[in-house]
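Student: Protein chains in written order, with the numbering used here: chain W, 505 to 622; chain X, 505 to 622; chain E, 505 to 622; chain Y, 505 to 622.
No incorrect hints appear here.
Note that the list lumps identical chains together, so a pair holds whenever it fits in one copy or between two copies.
Cut-off 25 Å, straight-line C-alpha distance, at most; resulting in silico cross-link-like pairs (BS3-like, lysine-lysine):
| id | residue 1 | residue 2 |
| --- | --- | --- |
| 1 | Lys598 | Lys565 |
| 2 | Lys566 | Lys598 |
| 3 | Lys565 | Lys610 |
No lab work stands behind these hints: they were computed from the structure.
4 protein chains.
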Amino acid sequence: MSVQNIHDLSERLAAFARARDWEQFHSPKNLAMALAGETGELLEHFQWLSEAQSSSLDAEKKEAVALELADILIYLLRLGERLDVDILDAAYRKMALNESRYPADKVRGDARRAEEYD
Amino acid sequence: MSVQNIHDLSERLAAFARARDWEQFHSPKNLAMALAGETGELLEHFQWLSEAQSSSLDAEKKEAVALELADILIYLLRLGERLDVDILDAAYRKMALNESRYPADKVRGDARRAEEYD
Amino acid sequence: MSVQNIHDLSERLAAFARARDWEQFHSPKNLAMALAGETGELLEHFQWLSEAQSSSLDAEKKEAVALELADILIYLLRLGERLDVDILDAAYRKMALNESRYPADKVRGDARRAEEYD
Amino acid sequence: MSVQNIHDLSERLAAFARARDWEQFHSPKNLAMALAGETGELLEHFQWLSEAQSSSLDAEKKEAVALELADILIYLLRLGERLDVDILDAAYRKMALNESRYPADKVRGDARRAEEYD
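Sequences and hints are given; from them, build the entire structure.
Tutor: Okay, structure coming up:
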């Protein structure tokens, strides 16, 4: 088995879809909806938990959540592949942007959104 | 600069949060909400487009979408870090599960959900 | 039975929650998550359908979707009650705002978002 | 002005869309995405707040949240109109279903989902 990395995974997911003739359903629009559907399932795991409870899941719940996170990653990678976007590279670029938008000295301990700073 | 991969990115994101004393806000519950908020922004890019239009974005729109996908990956990795879940490994496990749930011969060209099959 | 209207329904929903000692879980934060979870379920019904198919659901699917819409309305009304917001009144105000932001003569046949107009 | 109620509002929203030739964009699929996009905006207001903070919004934030709830109701009613579903009636039916699924004596103070009860 090849090394696990998101480029390898993305290729396997594309092959999985092609083998099932599912690429016809995998428009970016549809994949964005599927991603959001999985995100909704993630929320359902946490909606009635306190923040503290959400940090100390039991093993069964943790595995269920792990598989939801997996589903989100899967659709995210499918979207990147269909749009020809390198999401990992975009995330590094976005992180650099966040570094400049939220200087540590200015925002320490404050979670307000960027547009709320003057 | 180190090689780009999601484990490196995840560590950088954790360091970014620690430097801003933002880990207090990063409970799994809150991060799941933030992930869903970004997913909502993604949907807004596609909601009035046809499926065909969603497959042929112009360069400006494509970059805007890329940064939304980046935000989703960022929160997804933060969630994995806070929950001590290896999302990439979970995605490989989930893909193996999908291989057995959706045999290519049975589901070719059919997008119904697994529970709708007998 | 009293006349069906959203104020009556909202009161019944509050009584339902009180009788189960569930108001402790019904913070606005949690209810927003529950609302989003139900919205995710709604998306799952439509994600692989074409727009045309989404307009001609069979009776079984239509009823399933109707109950998802019901769940969304239920959490929406719970949120309004907990926040002391009259959502119906807010919707009339928002519609008046939309009338002025999107003059029919200017936007006819064009679905771009308001901020994209000059 | 006529009495405020959701049937009147729904008719006004349909007229608003027709006057702008926007019904071409208002497939149920697209409206479900728009509803989910607005739900994402709602989450963003609450994601970094504690549950207690979410219950005591200041006036400015409360009005911003009220307008998000309004947007959600607007798209919900559009969906009901396009699908020919009476959402208010469906909500009463769903509430009756919830009454039988969650007897007060059995679930008092317990927020687990129905399928987790035996």
